[in-house]
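Trainee: Counting with the numbering used here, you get residues 1 to 133 for the letters of the sequence shown.
Source of the hints: derived by calculation from the structure; they are not laboratory data.
Since this is a predicted model, take the numbers as computed values, not measurements.
Certain hints may be false.
Derived DEER-like restraints, expressed as beta-carbon distance ranges [claimed, not checked]:
| # | residue 1 | residue 2 | range |
| --- | --- | --- | --- |
| 1 | Leu70 | Val118 | 44 to 52 Å |
| 2 | Leu37 | Ser74 | 50 to 58 Å |
| 3 | Asp123 | Ser76 | 28 to 36 Å |
| 4 | Asp43 | Gly17 | 34 to 42 Å |
Beta carbons are placed, not taken as given, at the ideal position from N, Cα and C, and that holds for glycine.
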Amino acid sequence: MSVAEIIVASVALIAFGGILSYAIHLKYKNTKLSQSLVQAVIDKNTVSTKLSHLASNKTIKDIEETDGFLKFLSDSRDSAFSYIEDVQKSIYEFKESLSPVVEAHRDSGTAPEYMKQVVKSYDDIVSLLPADE
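I would like the entire structure built from these sequences, with the hints used as guidance.
Mentor: If you want it as structure tokens, here you go:
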């Protein structure tokens, strides 16, 4: 073998060794990337599952809070209407019992000052009733 052949063989052997080591390096890098990808997919699925679970719990809690608030509003409205009905009933009874006395003093024209105040207060209270239809 000549020197030229030895040099060519050496260069070919070094090139083959370089390509072989680069291929081994790429295989190692691909294995690491594959492992990282698998771990990323597992992490994504875990986070997605936890988020879904938290979202469903929050939704259930929101629904329970909303239902409780709506029940409170409904109960409050019912209580308010009941109170208004009771007050109106009492004012109607007040009007029935005092109407003759107030009208007598209103028509007399000579009512004392305190009775004028009573008539004015009576009118103010009765004005709170809904208009008769």
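Trainee: If a hint holds in the structure, say so; if it does not, say that too.
Mentor: Cross-check of the supplied hints:
1. Leu70 with Val118: 44 to 52 Å: holds (45 Å)
2. Leu37 with Ser74: 50 to 58 Å: Given a distance of about 54 Å, which is inside 50 to 58 Å, the answer is holds.
3. Asp123 with Ser76: 28 to 36 Å: holds (31 Å)
4. Asp43 with Gly17: 34 to 42 Å: holds (39 Å)
Consistency with the previously given hints is maintained throughout, with no hint failing.
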